[in-house]
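Engineer: Sequence:
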Amino acid sequence: MDQLVKVWTVANIELGAVHGAIPGILSLTNIQNDGAAWSILEGKTGFFYLITIAALAALGYFLYRTRGHFLYQISLSLIIAGAFGNFIDRLRLKYVVDMFQLDFINFPIFNVADLSLTIGVIILFIAILKED
Numbered sequence: 001m002d003q004l005v006k007v008w009t010v011a012n013i014e015l016g017a018v019h020g021a022i023p024g025i026l027s028l029t030n031i032q033n034d035g036a037a038w039s040i041l042e043g044k045t046g047f048f049y050l051i052t053i054a055a056l057a058a059l060g061y062f063l064y065r066t067r068g069h070f071l072y073q074i075s076l077s078l079i080i081a082g083a084f085g086n087f088i089d090r091l092r093l094k095y096v097v098d099m100f101q102l103d104f105i106n107f108p109i110f111n112v113a114d115l116s117l118t119i120g121v122i123i124l125f126i127a128i129l130k131e132d
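Quick note: the sequence shown, position 103, residue 103 per my numbering, numbers continuous.
Hints were generated in silico from the structure; no laboratory data involved.
Quick reminder that beta carbons are idealized off the backbone N, C-alpha and C, glycines included.
Just so you know, not all the hints are guaranteed correct.
Simulated pairs of lysine to aspartate or glutamate, DMTMM-like, Cα-Cα distance not exceeding 20 Å [claimed, not checked]: (1) 94 <-> 14; (2) 94 <-> 34; (3) 44 <-> 34; (4) 94 <-> 42; (5) 94 <-> 2.
The following label-pair restraints were derived from C-beta to C-beta distances [what the hints assert, rightly or not]: (6) 23 <-> 67: 40 to 48 Å; (7) 57 <-> 12: 34 to 42 Å; (8) 128 <-> 43: 28 to 36 Å; (9) 67 <-> 119: 14 to 22 Å.
Could you build all of it, start to finish, from the sequences and the hints given here?
Structural biologist: Now the structure itself:
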């Protein structure tokens, strides 16, 4: 899903252009992000490769170790999918394609992979709290 939305964005929205999707709430844009949220670590592609590979390995291990725990499996799968989606961009393009812009708050422009990561982390917190 992430890669399909990114391909559609690049094909249909000019770089830097902004199109209102839901007035006052959400706009679609096309930006090239070679950093993280808020352009943190901009241009540090090698660092992102290393961190992502290590994170994917650790997450894969935890995914294996949590077999049979539904919330852990869902959360880790979403986190892995999000990390991998952005990793594909970094390998292929040397930057990440971002397209969703929240119009009602000053928030970084994001993509489907970022959304997957965020939802996965929220579910992981719920799973951890549910255990206690």
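Engineer: All hints are to be evaluated individually against the structure, with a verdict given for each.
Structural biologist: Consistency of the hints with the structure:
1. Of the pairs offered as hints, the one joining residue 94 and residue 14 holds, with about 18 Å between alpha carbons and a cut-off of 20 Å not exceeded.
2. For the given pair, residue 94 sits about 7 Å from residue 34 by alpha-carbon distance, which is consistent with the 20 Å threshold.
3. For the suggested pair residue 44 and residue 34, the alpha carbons sit about 7 Å apart, so the restraint of at most 20 Å is met.
4. For the hint pairing residue 94 with residue 42, the CA-to-CA distance comes to about 11 Å; that is within 20 Å, so the pair holds.
5. About 16 Å separates the Cα atoms of residue 94 and residue 2, which keeps this hinted pair within 20 Å; it holds.
6. Distance hint for residue 23 and residue 67: a CB-CB separation of about 45 Å, consistent with the stated range 40 to 48 Å.
7. For residue 57 and residue 12, the Cβ-Cβ distance of about 35 Å falls inside the hinted range of 34 to 42 Å, so the restraint holds.
8. At about 34 Å, the beta-carbon gap between residue 128 and residue 43 stays in the expected band of 28 to 36 Å.
9. Restraint check, residue 67 to residue 119: a C-beta distance of roughly 21 Å satisfies the suggested window 14 to 22 Å.
Violated hints: none; the structure is consistent with every hint.
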